[in-house]
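Peer 1: Here is what each chain is made of, one letter per residue.
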Amino acid sequence: MIHARNLPFVTTLAIFVIAYGLCVLQFPNMLSTRVIGNLLTDNAFLGIAAVGMTFVILSGGIDLSVGSVIAFTSVFVAVMVGSFGVHPLTAFLAALVISTLFGCLMGAMIRYLLIPPFVVTLAGMFLARGAAYLVSTQSVPITHEFIDTMLGFYIRFPGGGRLTLLAMVMLVVFAVGIVVASRTRFGANVYAIGGNLQSAELMGVPVGATTIRIYALSGFLSGLAGIVYTLYTSSGYSLATVGVELDAIAAVVIGGTLLTGGVGLIAGTFVGILLQGLIQTYIVFDGTLSSWWTKIVIGILLFVFIVLQRTIIWYSDRRLAVRQLKEV
Amino acid sequence: MSGQHALLEARSIGKSFFGIPALDEVDFTLQAGEIHALLGENGAGKSTLIKILTGVYRRDRGTISLEGSEIYPDTVGEAQALGIGTVYQEVNLLENLTVAENLFLGRQPRRLGMIDRRAMRNRSKALLERYGLHIDVDALLSSYSVAIRQIIAIARAVDLSGKVLVLDEPTASLDANEVKGLFTVLRQLREDGVGIVIITHFLDQVYEIADRVTVLRNGRLVGSRAISELPRLDLISMMLGRELQHITRDHQAEPETIDDRGAPSIQFQNYGKKGSVAPFDLDIRPGEVVGIAGLLGSGRSETAFLLFGIDRADSGTATIDGEQVSITSPEAAIANRFGFCPEERKTDGIVGDLSVADNIALALQARRGWMRPISSSAKRELADSFIKSLDIRPADRERPIKFLSGGNQQKAILARWLATDPRLLILDEPTRGIDIGAHAEILKMIERLCSQGMSLVVISSELEELTAVAHRVIVLSDRRHVAELSGHQLTTDGIIRAIAGTGETEAA
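Those protein sequence lines, which keep their order, are chains A and B.
Residues in the first sequence are numbered consecutively from 1, following the working numbering.
Residues in the second sequence are numbered consecutively from 1, following the working numbering.
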């Protein structure tokens with residue numbers, strides 16, 4: 001059954017299918033598994049970060065530190081492995097611990113100091129970016145045979161496409177994210193807090209612990225996205241991934257999640273990521289269009305979706321009012 | 001075990017906020033299988049008491065025991081676990097979740113760590129069927145009416161807690177049929193031995209459903225009685241009280257002098273708004289104080305909102321000095337030289353962080369428009385003159401107004417409107433939360449203003465205060481103007497009888 005408020009998700013899905021169909025009509029090659037494999041790999045780090053962002057936005061918050069945390073993680077991992085000779089797995093683990101704790105700290109500040117998430121994560125954004133510069137201002141290349149093994153691991157599709165390890169990580173993160181959001185008490189609490197913080201608290205939801213976990217989760221996934229980004233570019237660079245948090249927010253909103261919280265699906269974010277990837281792929285195929293067309297199309301899509309969500313809310317409220325009038 | 005003890009017993013409860021007592025030495029006893037109404041006007045301390053019982057606030061003093069053993073609920077969750085469930089008036093459940101999700105939030109049935117949706121759905125259905133509700137539990141809560149949500153909230157609270165059920169204004173937005181349905185549910189719960197506390201301002205409903213009432217006023221216990229031994233008149237006087245003894249107008253001599261003041265300058269005819277206040281006629285003469293009396297929820301403040309254009313009237317006309325005007329917004333009201341001091345001084349009246357001088361200049365500035373700012377020297381002069389004439393203390397115009405006492409804040413808000421030289425000033429509960437000294441000063445000020453020819457509308461739940469200052473009192477009940485009292489009829493007893501609808505005083 002489709003709830004009225006899941007309509008944006010259904011719409012996004014329909015738009016994606018239609019857009020993909022149109023692309024394929026123009027460039028039949030876009031149907032190839034090669035294109036699909038690349039699309040997934042190219043957007044793996046963004047997708048992982050967007051899952052964390054979805055939880056944050058579902059709870060009615062925002063996390064602006066994502067891009068900076070990705071950059072910090074990538075520089076941190078690259079320097080640890082490249083300059084200090086630490087085993088990649090150890091570096092990954094350390095990076096994940098740091099980014100998760102960082103998220104915890106932001107969540108605690110939001111909850112216990114009652115500072116709006118926008119402000120706390122803005123400070124977090126500067127802090128993480130600054131810390132990345134502190135580690136290294138250079139682009140640090142990374143080579144390690146373990147990493148080569150990881151990059152060499154993929155599943156071949158029929159038709160020559162490759163499902164790389166990076167894409168697999170993203171798909172697993174999405175799958176786990178979907179289950180956590182819809183099938184655990186933590187997930188239910190996230191929706192509850194996003195729906196109405198005060199009601200949730202009066203209904204006995206542990207708001208403090210949940211808020212901290214949400215931002216810790218976003219921190220963890222930003223760290224994971226940073227690791228994937230490092231593998232993807234085989235380097236760490238403190239100037240990289242500026243504004244990625246905004247791409248993630250765009251994917252979340254296009255995927256049908258309400259910016260005010262409480263309504264949305266992790267699966268929607270996945271479609272949002274695919275749609276962004278599709279636009280980029282189309283531009284590459286066309287060859288004459290500039291890359292800023294991506295931004296323009298995403299901007300237009302965002303506008304369309306925000307208006308669509310408003311309209312749906314108005315419509316369902318009015319329908320409810322009419323029904324109540326009839327009951328009287 | 002629970003035989004000898006009351007189900008829930010609170011003794012000598014005290015609670016202060018920032019040094020201002022909200023509850024003082026309040027006792028409250030609830031028996032199992034009893035519906036107990038908790039009554040009182042705004043600010044009487046009802047919600048503070050409820051919040052202490054349900055773990056939202058921590059008490060400063062006193063004891064609470066449940067079935068004989070003392071409890072210290074620190075959070076809503078703890079109170080719920082102890083057996084005290086609450087259904088709040090507005091902030092209630094989550095519209096963005098399904099019915100089943102709402103019922104089982106925080107205690108979802110799980111299998112292998114995952115929420116078992118099928119079990120949750122079946123249990124929700126079974127739970128609601130006991131309340132006679134057969135609805136789709138997978139639909140969003142927002143797709144159901146307030147009445148159904150209310151029952152769902154009760155089902156959740158009882159299923160979760162099971163001993164004590166607290167209902168805060170459960171019938172405020174229900175129609176008569178829905179109320180009937182709700183009461184059937186409550187009676188059934190009473191049979192099952194649940195202790196129910198209900199806060200409401202509908203006295204009819206109190207007499208229909210409650211076994212016992214406890215009345216609070218100004219944070220103190222007025223009394224607790226069985227409803228069967230409490231005539232309605234006594235209940236109303238318990239709620240409205242009679243404390244003010246000083247300043248009483250000699251109404252016997254007055255009616256003529258008022259009429260001598262000539263034709264009404266401001267007339268509202270057939271003025272009303274659906275769902276807010278039934279159409280009424282109101283004539284206000286220059287220099288006259290019109291009081292508005294009624295219980296909480298009778299339409300007192302709504303009348304003020306209509307007069308000041310905060311709510312738009314959907315019927316009737318307003319006339320000033322024979323000319324028809326349309327008052328569709330506070331801006332329009334101010335342009336017609338109306339002023340309004342709202343009931344919620346802290347949220348709707350003062351701008352806490354601005355200085356006393358800025359607060360006083362606010363309405364005047366608003367009327368001049370932002371193109372013509374008041375110079376800072378003129379503002380200083382204005383503030384100083386009012387600080388002096390109204391005796392606002394401390395006499396420091398630069399101090400942020402939030403640091404002033406309630407009485408002085410109220411004077412500053414009065415000054416704000418006086419600066420605009422209003423023809424009509426509407427005061428909603430002008431003396432609430434104000435100490436006795438400032439109280440008397442404000443009443444004197446009202447007299448002085450009307451002697452200068454200004455008209456006032458004063459809304460108050462303190463009947464002694466109304467009879468003291470008003471020339472005429474309009475009585476409201478059930479969002480209707482039911483009586484107009486003046487002259488020798490204008491007594492506290494007369495008002496109480498008119499509210500109860502038992503007097504012969506309706507003629508006016």
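Derived by calculation from the structure, the hints in this document are not laboratory data.
Be aware that one or more of the hints could be misleading.
What the hints assert, rightly or not - One side only, chain B facing chain A, incomplete, derived with CB under 7 Å: (1) S12; (2) G77; (3) G106; (4) L112; (5) L174.
What the hints assert, rightly or not - Facing chain B, a subset of chain A residues (Cβ under 10 Å, in silico): (6) A175; (7) V179; (8) S182; (9) R183; (10) T184; (11) R185; (12) M203; (13) G204; (14) V205; (15) A240.
In this text, a Cβ means the ideal position worked out from N, Cα and C, and glycines have one as well.
Peer 1: All hints, please: hold or fail.
Peer 2: Hints, one by one, checked against the model:
The restraint placing B/S12 at the interface with chain A is violated, with a minimum CB-CB distance near 27 Å, outside the 7 Å limit. At a threshold of 7 Å, the smallest CB-CB gap from B/G77 to chain A is about 4 Å, leaving the interface hint in force. Satisfaction of the interface hint for B/G106 is found here, the shortest Cβ-Cβ separation to chain A being roughly 5 Å, below the 7 Å cut-off. Checking B/L112 against chain A: minimum C-beta separation of about 10 Å lies over 7 Å; hint violated.
Look at B/L174: its Cβ only gets to about 11 Å from chain A, farther than 7 Å, so that hint breaks. Taking 10 Å as the C-beta cut-off, the interface hint given for A/A175 is violated, the closest approach to chain B being about 13 Å. Given the 10 Å rule on beta carbons, the hint for A/V179 holds: about 7 Å separates it from the nearest Cβ of chain B. Hint status for A/S182 relative to chain B: holds, with the closest Cβ pair at about 8 Å, below 10 Å.
Evaluation of the A/R183 hint against chain B yields a held restraint, the C-beta minimum of about 4 Å falling below 10 Å. The interface hint given for A/T184 holds, since its Cβ lies 6 Å from the closest Cβ of chain B, which is under the 10 Å cut-off. Because the beta carbon of A/R185 sits about 6 Å from the nearest beta carbon in chain B, less than 10 Å, this interface hint is met. Given the 10 Å rule on beta carbons, the hint for A/M203 holds: about 6 Å separates it from the nearest Cβ of chain B.
Interface restraint check: A/G204 against chain B, minimum CB-CB distance 4 Å, threshold 10 Å, status holds. Against a cut-off of 10 Å between C-beta atoms, the interface hint on A/V205 holds, since the closest Cβ of chain B lies about 6 Å away. Interface hint status for A/A240: violated, as the beta-carbon distance to the closest one in chain B is roughly 36 Å, over 10 Å.
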